[in-house]
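With the sequences and hints as input, model every part of the structure.
So the sequence lines, in the order shown, correspond to chains B and S.
Heads up: the first sequence at position 101 corresponds to 100 in numbering that gives the first Met the number 0, and the numbers run straight through without jumps.
Heads up: the second sequence at position 54 corresponds to 53 in numbering that gives the first Met the number 0, and the numbers run straight through without jumps.
The set of hints was computed from the structure by calculation and includes no laboratory data.
Among these hints, one or two may not hold up.
Straight-line C-alpha distance at most 20 Å; calculated SDA-like pairs for lysine to any residue [claimed, not checked]:
hint: 1; chain 1: B; residue 1: K74; chain 2: B; residue 2: N106
hint: 2; chain 1: B; residue 1: K74; chain 2: S; residue 2: A34
hint: 3; chain 1: B; residue 1: K74; chain 2: S; residue 2: R76
hint: 4; chain 1: B; residue 1: K74; chain 2: B; residue 2: G60
hint: 5; chain 1: B; residue 1: K74; chain 2: S; residue 2: R71
A few chain B residues facing chain S, derived, Cβ under 8 Å [said to hold, decoys possible]:
hint: 6; residue: P4
hint: 7; residue: G44
hint: 8; residue: M49
hint: 9; residue: D81
hint: 10; residue: G85
It should be emphasised that the depicted structure is a prediction, and the values quoted were computed from it without experimental measurement.
Beta carbons: idealized from backbone N, C-alpha and C, even for Gly.
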Amino acid sequence: MILPPYARLLGLLPRTDDDGRPLLEMPFAPDAIGRPGFLHGGAIGGMLEMAAYVALRDALGGESTGDGAAAVTIKPINVTIDFMRGGRERTTFAAGIVTRLGARIANVTATAWQDDRTAPIAAGRMNYLLRR
Amino acid sequence: MGGHGERLGIAYHAHGGDWCELALPFRDDLIGDPARGVLASGPILTLMDMATSMGVWLKRGSFLPHATLDLRIDYLRPAVAGRTVIGRGECYRVARQVAFVRGQAHDGDPDDPLAHVAGTFMLLDAT
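Shown next, in the form of C-alpha cells:
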C-alpha cells in the first residue's frame, strides 16, 4: 500500500501484526513533539486517521485496483479522538478496525499505543463516506 | 512555535480575549489524497488542536499546563488545493478542571467553513 505525502512526513511505516492485519509504526522524531517531552496530539490524531484509512483500504480489498489508484473513493466525514495518556518520546504503533462496512458509510475505530497494546495512548472513532 | 506545529508550517494569524486564529499554508508534503491534491485531515486536526489550545491560554490569561482530553472534527468539505487554511479556536467555558472549546477552519471565506471542531482540555494545574 502506498501512503500519501502526509504519512511520509509523520514517518509512518506500514507493518503487519501477527494476525496479518495492517499496522502503522511511527518511530520517534523531534518533528512530532508538542509540549516538551510529549508527542503532539495532532500527530497522534493524524496517525490514528491514517491507521483507520489503511484498515478501511484493507477491508475494501478487491475493490482497490493493484496500481495504487482506488476504485472506491473514501471521504472522511468526521473523527473523534480521545487522548488517554501522554505520548512519550518513543516508537508509537496504531491500528484500525472496521466496525461496519456499508454501501455508503464505513465506521472505523483506531487505537495508538507505545509499549503495551492494552494501554493505548489515544483512540479514535471515524466515519467515512464511500463512493463506488 | 517549534516541534510538530513548526514542521507543518503553522503560524500565528490573529487573536482575541478567548480565541486564536492560526494559519496552515498549503504544502505538497501535507497532501493526503495525491489524486486530488487535497490536504490530509491530520494537519487540520493539528491546526485546530493548537488554535483551541491557544484559546484556553488566552481565556485563562496565562500559559498554564493542560492536555487535550478529546477533540471531534467534522470535515464539512475538502480544503481547496493551494489555499492557506485558517483555523479559529475559541474557549467558551473554563470549569474547575476542564476547559471547553470549539472552532472552525476555512480557506478564505469564514462563512464557508471546511471543518468544525468541539473538544475539551484537562487543566493540569487544577487541584
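**Message:** Going through the numbered hints above, which ones does this structure break? Give me the numbers in ascending order.
**Reply:** As far as the earlier hints go, not one is violated by this structure.
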